[in-house]
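> The listed protein sequences correspond, in order, to chains S and R. The first sequence maps to residues 163 to 675 in the working numbering. The second sequence maps to residues 66 to 284 in the working numbering.
It is worth saying that the hints were derived from the structure and are not from the lab. Fair warning: there could be bad hints in the mix.
Result set (SDA-like, lysine to any residue): computed pairs, CA atoms no more than 25 Å apart in a straight line [unchecked claim]: (1) S/651 - R/127; (2) S/651 - R/85; (3) S/651 - R/84; (4) S/651 - R/124; (5) S/651 - R/122; (6) S/651 - R/83; (7) S/651 - R/123; (8) S/488 - S/439; (9) S/488 - S/514; (10) S/651 - R/86; (11) S/488 - S/545; (12) S/488 - S/530; (13) S/651 - R/116; (14) S/449 - S/488.
Predicted model, so just to flag it, every value in this text is computed and none were measured.
Spelled out, the chains give:
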Amino acid sequence: MRPSPLSALPTPKAIVRSSQVVWAPNAETTRIDRPSLAPAADPVVAPPSRDGGHAPSSLLGLGRDCGAIIRSIRVVSAFVLAVASSARAAPVVEAEPSRLVLGPRARAEITVRNAEAGLHAAVSMGTLTETTSGEDFTRYLWTPSLEARAPTLVLFAFWTGESPTLADVTVLALPCAGRTELAIETEPSAQVTVEVAGARFGPRRADRQGRLKLPVEVGPHAHEARVIAELADQSKIRVIPLSLPPSPWLLGLAPDSSVDGAPVHALVLVPDTEESAGTELMAEGAKIEREQESGRRFLFRVSPEPGRSTVPLLARTLDGSVRAQKTLEVVRAVSPSVAPAPPLPPPPQRWVLGGAIGGYVGGGSNAGPQAAFVVGYGPRNVPVVLELELGVRSQSMSTQVGTLGIQDSSLLLFPIELAVRWEAVSVGTFRLGMRVGGGVLPGSHHLSSTFDAPLSEAVLGWEVFAAVQAGLRVGPVEPYIEVRPALSKVSTDHLEARPGGGVFSVGVRGELR
Amino acid sequence: MTRVLRLVVALCLAGCTGATLPPPTVVSVSPAQRPASSSGPVTVTVDAVLPTFVDHSAQAVSVDDRLTLSIGPRTFGPSRWADAGVITDFLPSVLPQGSYDVTVELADGRLATATDVFRVSPGTWPVGYTIDTIPDQHSGVPFGVTLRAQGGQDGGYIGTVNLSVPGATVSPGISGPFVAGVRVEVITVTVSRPASHQLVVSDLGGGPGGTSLFFYVDR
Numbered sequence: 163m164r165p166s167p168l169s170a171l172p173t174p175k176a177i178v179r180s181s182q183v184v185w186a187p188n189a190e191t192t193r194i195d196r197p198s199l200a201p202a203a204d205p206v207v208a209p210p211s212r213d214g215g216h217a218p219s220s221l222l223g224l225g226r227d228c229g230a231i232i233r234s235i236r237v238v239s240a241f242v243l244a245v246a247s248s249a250r251a252a253p254v255v256e257a258e259p260s261r262l263v264l265g266p267r268a269r270a271e272i273t274v275r276n277a278e279a280g281l282h283a284a285v286s287m288g289t290l291t292e293t294t295s296g297e298d299f300t301r302y303l304w305t306p307s308l309e310a311r312a313p314t315l316v317l318f319a320f321w322t323g324e325s326p327t328l329a330d331v332t333v334l335a336l337p338c339a340g341r342t343e344l345a346i347e348t349e350p351s352a353q354v355t356v357e358v359a360g361a362r363f364g365p366r367r368a369d370r371q372g373r374l375k376l377p378v379e380v381g382p383h384a385h386e387a388r389v390i391a392e393l394a395d396q397s398k399i400r401v402i403p404l405s406l407p408p409s410p411w412l413l414g415l416a417p418d419s420s421v422d423g424a425p426v427h428a429l430v431l432v433p434d435t436e437e438s439a440g441t442e443l444m445a446e447g448a449k450i451e452r453e454q455e456s457g458r459r460f461l462f463r464v465s466p467e468p469g470r471s472t473v474p475l476l477a478r479t480l481d482g483s484v485r486a487q488k489t490l491e492v493v494r495a496v497s498p499s500v501a502p503a504p505p506l507p508p509p510p511q512r513w514v515l516g517g518a519i520g521g522y523v524g525g526g527s528n529a530g531p532q533a534a535f536v537v538g539y540g541p542r543n544v545p546v547v548l549e550l551e552l553g554v555r556s557q558s559m560s561t562q563v564g565t566l567g568i569q570d571s572s573l574l575l576f577p578i579e580l581a582v583r584w585e586a587v588s589v590g591t592f593r594l595g596m597r598v599g600g601g602v603l604p605g606s607h608h609l610s611s612t613f614d615a616p617l618s619e620a621v622l623g624w625e626v627f628a629a630v631q632a633g634l635r636v637g638p639v640e641p642y643i644e645v646r647p648a649l650s651k652v653s654t655d656h657l658e659a660r661p662g663g664g665v666f667s668v669g670v671r672g673e674l675r
Numbered sequence: 066m067t068r069v070l071r072l073v074v075a076l077c078l079a080g081c082t083g084a085t086l087p088p089p090t091v092v093s094v095s096p097a098q099r100p101a102s103s104s105g106p107v108t109v110t111v112d113a114v115l116p117t118f119v120d121h122s123a124q125a126v127s128v129d130d131r132l133t134l135s136i137g138p139r140t141f142g143p144s145r146w147a148d149a150g151v152i153t154d155f156l157p158s159v160l161p162q163g164s165y166d167v168t169v170e171l172a173d174g175r176l177a178t179a180t181d182v183f184r185v186s187p188g189t190w191p192v193g194y195t196i197d198t199i200p201d202q203h204s205g206v207p208f209g210v211t212l213r214a215q216g217g218q219d220g221g222y223i224g225t226v227n228l229s230v231p232g233a234t235v236s237p238g239i240s241g242p243f244v245a246g247v248r249v250e251v252i253t254v255t256v257s258r259p260a261s262h263q264l265v266v267s268d269l270g271g272g273p274g275g276t277s278l279f280f281y282v283d284r
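In isolation and in its complexed conformation, chain R is listed as follows (with noise of 0.2 Å):
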């Protein structure tokens, strides 16, 4: 009976009624290290205990799955908790050489950051891009175009591009990934009165990059 009473009463001492949740943790990126002039897929494998509520009496279940993800300076991945905490997405060739941290940070605030878990090495770049001929074009329509890198890393260039509208805006700023040098892209151009206008690409290697012929872009 004492021993009974001197567990419940320890029980209680020790904060019984709940338990902190655990901070999360990285558990893996995968692939640890690419060259900064790739692109492709990544993988970062999160281990965490969401912020869950039961309530037994109502059989209600509420999980706050928010999530942030970041490698390095770029956020990465969805908002939300996804796939058991693996979760992929697409990284372009935006980081340059260098050891980036991977974080994640909880709903409730709960954060893990793995350290130099991710390394960009540096890259082969292309000398330079060309863009085929853009016929004219309706703003706010998208439209696509194909990009052509020159020379670079043998079999063809696999990374992303910057691209810009000077004079009016286009999405999206980063391209898809190249394959074996070309990538037909899919962009809009978005205009405040119609004009021509040409449509540039550039890449972190810091090479000439590429200018299209002029377009016109009526509203």
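Same shape as in the complex, but just chain S (with noise of 0.2 Å):
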């Protein structure tokens, strides 16, 4: 008997024929016909031919004496029956459910449990997606190809590290059922049942036209259909061998890419289904080498050819039946220095520092050089900043007393000021900004002579000002100038001095990124 060849057509909506399953999602039928009911010789279903367009008369017969009881089955929709197994066993793998039936649904939800770190995971077919990850467990979510309706068993493969040996892979293997309704023809008032590797699917009564529809569930791993018609006191028996579409296998790279050519390791998982003989790995452009082999698991070592930017896999049969394909990603090592780093979002604030040197002039020997160094805090969407201030002045007279000689006394002081900066226009690079603040002016007074002993003392002044500025931004700086009115005063029982009067400066300030 040859097996019925129910192997998947190019397009699931085409209709077989006589001899050719179809698994067509939506109720889309299928027929294999027996148009006539006359006692066969063979009463056992006529196998179906592999060419799917001429079906042989007779499908399943009952005999003689009962007539044709099934006149002709079709089969409408998908079918599955899943079987889960698991091989290895750190890190543990789950699937749940543990097999299903394929449909636009279907779904499972893989847990790895005991992984190190660097878990890798790859699969014969679908999309496998991590989801949820803990202390001790990663989740994946597996849904398979949409057109995916034959019944397939699915191959899961999970290690961790970039260089695993087959003893460090955990496979997983899920049995996905593919689901159809058999449209069967038969005597009429015929009670049907459709055994399918064990399950029983049935019984169900042929109409008065001796039609009826069964719908069947068909796992990987089934062989042959086993159709029961009974009318009366007489049953017959006809088995339907069933020849399923070869599961694909599952190739996975490890690590995904080839950084500047370097080997990488191919595993090929072979499921169980797989009836041809022999397995082999191609490649163009790489040196295959066959690493380990154990059973129906094999690790290749995948070499790319100096030069090359992809290299095409093939897994296959020794007779050539392509099983698998994957391509391997030659990259190039990349220098850290030399990837840019993705740019930072702006900090809600701003650090501005900057610095200032002039002089001021407040009348008599109030005047002197200054400099200072600001540093600034602000929100960055409001144009006020307010500054810290941390400055030096000096100022110094010298005067002829009478006939004792000539009297020195020089001024430092270190100003501490707090300002707010009002940034008031910005028209291009321009900046015009406003300063009020004030602080104290903490510092040294020193008087010295051509008479007496010279002396140091501690001075603490004041000092309020408003200030003008003017700048214009140039790249990350903003060079400005600035003329303050400043009212201050520092006195002891030795000095009185106004340290302030018109302070002019010109200085340079940027943000911190």
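Fit the two chains together into the complex; they arrive one by one in their own frames, and the hints show the way.
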């Protein structure tokens, strides 16, 4: 008996008549006709042909006496059966459910436990997506390909590290059954039951025209379907060999890509449903070496040839049937210094650093050079900056005192001031700002003369000021000039000074990034 | 920031605005010792910060340079600061044997005393003095008089003597230093009515001193 070629057609909606079964997703009928119910010489179902168009005249016959009970079988929609198996112990892999029926809502949750860091996963068909991970588990969601309807044994592989051996790989096989509906033509009112891989479907009675439809599920390990037709006290069993499409192989790479042509490992897993002999891995532009073999598991070493950017890989049987394919990417090592860091979003606040030098004139001997270091802080979106200014000022005078001699007086101050700067105008690169502030003027006063001993004393004065600044934005910095009227005073028992008045300075500042 | 504020607060709490002026110091006395019967310049070196106020706005400096310096009970030197605190003055032979403090006081009351830094040893005094004849004089008109020491130390007396005119006033009351036992002193005698007077000289030695002949002083 020739097996019934149940292999999937290129398009699921195609209708296969008589000798072909199509895994159609939604109730599209495949007919297996038996137009004549005449007594059959061979009561067994005629084997369907492989050519897909010309069905034999009899599919299932029940003998001359009872006539043909089953006149035709129509296969509708998809089918499925699932058996799950887990291969290795560590990491531990579980699938929920352990078997499933292919369809639009088919999905499985894969949980991996006891895995070390650097967990890798590969699957022979469909999409595997990591959903959650915890301290000791990682959970994936597997969904089949949209076009998958035929029974398939889906293989999963999990390992850690970039250079695993076969002993490091945990394999999970998830049986996925296909669902279809058999349209059967038999004798009127016959009772029909179908058995597939131990599962029974039916019984269901044919209508007055001898027709009935019976949904069945076929797993990847099924080899035949038994059709049992009963009428009155007669029954007939027919066996239909099933020829399922081969399940795809798993072809995984570790690591996923080759860095500068470095060898990678290729993992090939062959499902136990595979009937063709032999396994080979073919590559274009790479050297293949078989490193390990254990049953239906193979570990190859793939060494890309120099200059290759991609290496197509084919896993196939010895008769040339391709079961899996993948492309190995050869990437160039990227120096960390070359990789530009992604720009960080600007912080909500800003820090401004600046410095200025200049001088001041306050009348009399209240004049001298001054410099300041300014630290500013403010919200980025508000044109106001709170500034701390740390400065230095110096002034001195020398006076002839009667006949005694010359008296020198020098004052060195270190202003510590707080200010608020308002960036009032910002047109293009031009900036105009206002500042108000005040602070203390600590420092020292030194007296020396040609006629008595020198004296140094600490001083503490004060200052309040308002200022106008004009600047130009030049790249990351802003040079500016400032005019600052200031009211200040420093006095002791031996000194009175006003080290302010008009302060003029030029400076530059920039925002910290 | 916090550190700066702490510094400022600490400065204020410590009275940072201004400084208390240090007291003056007597750095040296030269010579530090001499006989009671000699006279001559003595140099006292003082270190001090004079009370000073500087106004940078007015570009003005005021210095209170008043000074009081004394050696023992005797006021010494000028009344104002001079020569960067190196005070030199003539000290007559008016201090008897003993040790004397040197005291300096500034205008703001700051005071310094160097204890027993000037010592006076016993002197060799003349046995007497002779005074050359003094012609008639007019009251209040200076005139010269020659004083001669008799005996005493080798090389002649170099001290001073006290001058007095009984019934009249004479200036100065202490002569300048004798040189090799001779002193030509310019004195002024003031009388209330014309009369004859004598010039009397004496010293700390307790000797007989000397008395001139009578001379007439009119008005």
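> If you draw a straight line from the CA of residue 488 of chain S to the CA of residue 545 of chain S, is it 25 Å or shorter?
violated, 58 Å
> For the pair supplied as a hint, residue 488 of chain S and residue 439 of chain S, is the alpha-carbon distance within the 25 Å limit?
Given that 25 Å is the threshold and the Cα spacing comes to 21 Å, the pair holds.
> Hey, residue 651 of chain S versus residue 83 of chain R, does the alpha-carbon distance stay inside 25 Å?
holds, 14 Å
> Taken at face value, is the distance from the CA of residue 124 of chain R to the CA of residue 651 of chain S at most 25 Å?
holds, 15 Å
> Can the restraint linking residue 651 of chain S and residue 116 of chain R be considered satisfied, given a maximum Cα separation of 25 Å?
holds, 21 Å
> Would the pair residue 651 of chain S and residue 123 of chain R pass a check requiring their Cα atoms to be no farther apart than 25 Å?
holds, 14 Å
> Just to be careful, I want the Cα atoms of residue 651 of chain S and residue 84 of chain R compared with a cutoff of 25 Å; is the pair within it?
holds, 17 Å
> So if I understand the rule, the pair passes when the alpha-carbon distance is 25 Å or less; does residue 651 of chain S with residue 86 of chain R pass?
holds, 22 Å
> Do the alpha carbons of residue 488 of chain S and residue 514 of chain S lie within 25 Å of each other, as the hint requires?
This hinted pair is violated, its Cα atoms lying about 55 Å apart.
> When you check the alpha-carbon spacing of residue 488 of chain S and residue 530 of chain S, does it fall within 25 Å?
violated, 79 Å
> Measure nothing beyond the straight line between the CA atoms of residue 651 of chain S and residue 122 of chain R; if it is 25 Å or shorter, mark the hint as holding.
Holds - the C-alpha atoms of residue 122 of chain R and residue 651 of chain S are around 11 Å apart, at most 25 Å.
> Quick one, are residue 449 of chain S and residue 488 of chain S close enough, alpha carbons at most 25 Å?
holds, 15 Å
Hint compliance for this structure: hints 9, 11, 12 are not met, and every other hint is.
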